[in-house]
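Undergrad: Sequence:
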Amino acid sequence: MSIPMHIPKGKIVLSYEDYVLLPNDRNRYEILEGELTVTPAPSTKHQTASGNLFVLLAHYIKERDLGKLFHAPIDLILASTSVLQPDLLFVSKDRQHIITEKAIEDVPDLVIEILSPGASRIERGTKAQVYAR
3 MSIPMHIPKG
13 KIVLSYEDYV
23 LLPNDRNRYE
33 ILEGELTVTP
43 APSTKHQTAS
53 GNLFVLLAHY
63 IKERDLGKLF
73 HAPIDLILAS
83 TSVLQPDLLF
93 VSKDRQHIIT
103 EKAIEDVPDL
113 VIEILSPGAS
123 RIERGTKAQV
133 YAR
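According to the numbering used here, the sequence shown is numbered sequentially starting from 3.
The hints are simulated quantities; they were obtained by calculation from the structure and are not laboratory data. What you were told as hints is all true, and nothing was included just to trick you.
Derived DSBU-like pairs (lysine-lysine); straight-line CA-CA distance at most 30 Å: (1) K13 <-> K104; (2) K95 <-> K64; (3) K47 <-> K64; (4) K47 <-> K104; (5) K70 <-> K47; (6) K70 <-> K95; (7) K104 <-> K70; (8) K104 <-> K64.
Starting from the given sequences, assemble the full structure and let the hints guide the process.
TA: See the structure below:
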C-alpha cells in the first residue's frame, strides 16, 4: 500500500526504518507522510474510554469469530513514510495476512482514534487525511 505524498524539496522525510530507532519511552511516536509527531501518554479518561471500547468490541468479535482486535500501542504501517498507532484497530478473518510479527502492514478493516476535546490539528486534520486515503 502506498499513500501518495506531496513533499516539498529539501524537507527531511522519515520512514519506518527511522521510526524503529526511536526511543522506547512513554511518548507516542508516529510518522505521518514522512513527518514525525510525538504525543505524551494518553490521559486516564482516554484510557478508560479505550478500555471500555476494547472490551465491548472484543466480546462481539470473538463471539462471532470475525477477526482480531488490537489496541495501542500497535504499529500500523500504511506506507514506509506513514506509521501510526491508532487506539484500536480491527482486521477481519479474510485479511489476516496483513498481520505480521512487527505490525499491521496495510489498511485494516476498522481504525478507532479517541479524540480529546482539545485534539490537535494533526489528530483532526493530517491523521484523518492519511486514514481516509
